[in-house]
Amino acid sequence: MSTARSSAERGPVGGARAAVADVRALLQLRRAGLPERGRRRLRWAALLVGALTVGAAAGPAYLGGPMPRADAGNVLALLPSMALAFLVLAVVAVVAAAGGRELLPREEAVAFPVSTTADHLGALLLAPLNVAWLLQSWLLLGATSYAVGPDRLPAALLPVVLWVLLATALAQAVGWCVEGVRRGPRGARRFRIALALMVAAAAGVVATGQQTALLDRAPTGVVLDAVLAGAGGLWWPWAAYVVALAAGCLAAVSVGVLPARWALHRPMRAELGLEAGRHPARSDARSDLAALVRVDRASVWRSVPLRRGIAVLAVLPGLVAMAGGTPWHLATVLPGLVAAGGALLFGVNAWCLDARGALWRESLPVAPRTVFVARSLVLLELLLGAGLVTVLLVAVGSGLPSPPEAVAVTACLAVVCVQVVAAGLRWSQARPYAVDLRSARATPAPPVVMVGYSARLALCTTTTALVFTGLAWIGSVPLVLAIAVAMLAWSGRRWERTALAWADPVSRARVVACVSG
Amino acid sequence: MRGLWVRFGEVAAVQGVDLEVGAGHATALLGRNGAGKSTTMRVLAGVVPPTAGEVYVGGTDVARDPMSVKLRTGYCPDVGGLVPRATPWEHLQLAARLRRMTAWEPRARDLLERFALGDVAHRVTSGFSHGMSRRLSVVLAAFHEPEVLLLDEPFDGVDPLGVEATMEAIGDACARGATVVVSTHLRELAMAACEVALVLRGGAQVAALPAAELAGEEGAGVYRALLG
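Here the protein sequences line up with chains A and B, keeping their order.
Okay, so the first sequence: first residue is 1 according to the numbering used here, each after it adds one.
Okay, so the second sequence: first residue is 1 according to the numbering used here, each after it adds one.
Be aware that one or more of the hints could be misleading.
Taking CB as the label site, the calculated pair distances span [said to hold, decoys possible]: (1) Arg7(B) x Gly55(A): 44 to 50 angstroms; (2) Pro160(B) x Val92(A): 31 to 37 angstroms; (3) Pro267(A) x Ala208(B): 49 to 55 angstroms; (4) Asp18(B) x Trp490(A): 46 to 52 angstroms; (5) Ala103(B) x Arg40(A): 55 to 61 angstroms; (6) Asp18(B) x Asp504(A): 23 to 29 angstroms; (7) Gly157(B) x Arg431(A): 27 to 33 angstroms; (8) Gly9(B) x Trp490(A): 30 to 36 angstroms.
Chain B stretches covered by chain A per the calculated footprint, using a threshold of three residues with CB under 8 angstroms from any CB of chain A [stated by the list, open to error]: (9) 41–49; (10) 87–95; (11) 127–140.
Which chain B residues face chain A? A few, computed with CB under 8 angstroms, are given here [unchecked claim]: (12) Gly81; (13) Val83; (14) Val124.
Hints listed in this document are in silico derivations from the structure and should not be mistaken for laboratory results.
All values reported here derive from a predicted model rather than from experimental measurement.
Glycine included, every Cβ here is placed at the ideal spot set by N, Cα and C.
Start from the sequences and build out the full structure, keeping to the hints where you can.
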């Protein structure tokens, strides 16, 4: 029997065209789901991101002082390492998100014949909707712009832009490969062993002091060569670099289709394993609050995306800080980073944990405040736990802090966690979404909304961290404690206001009806 | 319930529905999609507050004291109704704790067995089929032997044995003097389970009549005419 392609099947080019058309249709579908206010906000957000990108690319060149700049050489020397860091973090983001975000959540996409190629292109398209991706891109553009100056700036920036695209496409392909392995037999164990080996290798490099030599030999040196060629007016080598980077980009996007198809056609073993597993009965809880906390905790720890996200957040920033020997007065930034990331796992839409069970839970005879406190406690303990692991890893790398530093880091951890809990619950009340956090690729809100949340959380926690960095530097323990108490009181007041809103039956009914779909 | 109105912004989901069900009796809420059946059930369960009208459940005003209403009612919601990553046993344990039930385990086991859910009592509900989820929702509603049993689409996607078990639960509730309200699209099952039917259309009540009048071929014609 002939196994030739039938007339209904498409070749690679036809398939790619159809996938692009599918992506366009899915984007239109998502856009159609936005109210007019949401569309207006989206336009403003796109304008803001565009303006900030232009500002990051051009601002440092014109505002960085007279040319030639004394430290331009140092900045350029760091460019290959920064480009490599961009690639590594892009890979981590895709791997943590089990292959990247979905244009359409899985449970909604079942009615549509969305191909794996369209899914791959959609994940690539959504990759920039991430504050870490944006900040790193701006950093690369800004550093290049500062070092090169206004002359021949577009030629110097073009290779950087192409590298950002290439690294994103490469990260996506690697992410699909990792997800494919994870979904295979004993995939989780294989992934953990590979991860442990990589961490051990990285620890070995740091312990032997080889990291600088290794970074100097990074293949991302090609980005620096291309930038220098552009800035120096060496047009033939520059054109060769640009063509090579652009071709690499196209190749990475095209090749990524293969691991995407392989991974997405494999069963979701982690999710299915959790669903098929037995959870033996425990003794009765001693109070209503304890009973609610127990169910909420189960909803968090039995969700694949939440478990993976928490593990990454608790360990990764701490490991990087440990490897880099981050000084304690700068370690105050880390708890904020971890808390903001933790809230983005589910805290910004905290009631979605109940999903379709929200209606039943609301029919139970329990005070709304107890429900609110239980959800707040579960979120708070998660953020504090992850932050504490990070701080302990910093301690391994940097030794014991001085008393003011210890107080500043502890106070910063407590303040940012309470700030983030208050903000997350406020947003959960104001803008609930019906989300099933079953799939490892699920997010608690649409990707565009998540960017807004992450930007606001990053701004808030970084500002707080800077305050405590300054206080640690001043070295006054009573001052640190006084500022911490004031900040906690402010966040506590906002939390209380949201608790009152939750206690209102009309407001609560709106949230419950929304998250239960 | 007299003159119930429920508004969501500009939309009036329920427009002046009256309903009175005595103890030991079962009433069916019938109507097309969007007729206001589920919203009415949510108001009776104390989940959605009424915008206007008087709603008393077991003599308690829903608007004034929703907590007492929740203690008296057992509610099976129309959609899902289950916490996805909790097991059936954990659902029952939470309900027992919040309803101050003691020695609840034998009844929980019995109900799970009757609804053929004993084997999956310790598995998370996100892996359940639609029918299994419906059956567990009925178990949760009937678990504490409430004064008022509210079942919204309890037969939807449920196999014949599950339908039988649900019918038994309704019969048991009526026999011990509970009030039962069943909302469903399955007219014949509703007529088998209930004595009175209330037909809603576009959020408003269009008829309240004995179930016998809506049964069989003749009843189907009457029902179609009422739906408009």
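Right, here's what the structure says about each hint:
{"no.": "1", "hint": "Arg7(B) x Gly55(A): 44 to 50 angstroms", "in the structure": "holds (47 angstroms)"}
{"no.": "2", "hint": "Pro160(B) x Val92(A): 31 to 37 angstroms", "in the structure": "violated (52 angstroms)"}
{"no.": "3", "hint": "Pro267(A) x Ala208(B): 49 to 55 angstroms", "in the structure": "holds (51 angstroms)"}
{"no.": "4", "hint": "Asp18(B) x Trp490(A): 46 to 52 angstroms", "in the structure": "holds (50 angstroms)"}
{"no.": "5", "hint": "Ala103(B) x Arg40(A): 55 to 61 angstroms", "in the structure": "holds (58 angstroms)"}
{"no.": "6", "hint": "Asp18(B) x Asp504(A): 23 to 29 angstroms", "in the structure": "holds (27 angstroms)"}
{"no.": "7", "hint": "Gly157(B) x Arg431(A): 27 to 33 angstroms", "in the structure": "holds (32 angstroms)"}
{"no.": "8", "hint": "Gly9(B) x Trp490(A): 30 to 36 angstroms", "in the structure": "holds (33 angstroms)"}
{"no.": "9", "hint": "41–49", "in the structure": "holds (count 6)"}
{"no.": "10", "hint": "87–95", "in the structure": "holds (count 7)"}
{"no.": "11", "hint": "127–140", "in the structure": "holds (count 3)"}
{"no.": "12", "hint": "Gly81", "in the structure": "holds (4 angstroms)"}
{"no.": "13", "hint": "Val83", "in the structure": "holds (3 angstroms)"}
{"no.": "14", "hint": "Val124", "in the structure": "holds (6 angstroms)"}
In this structure, only the earlier hint numbered 2 is contradicted, and the remaining ones agree with it.
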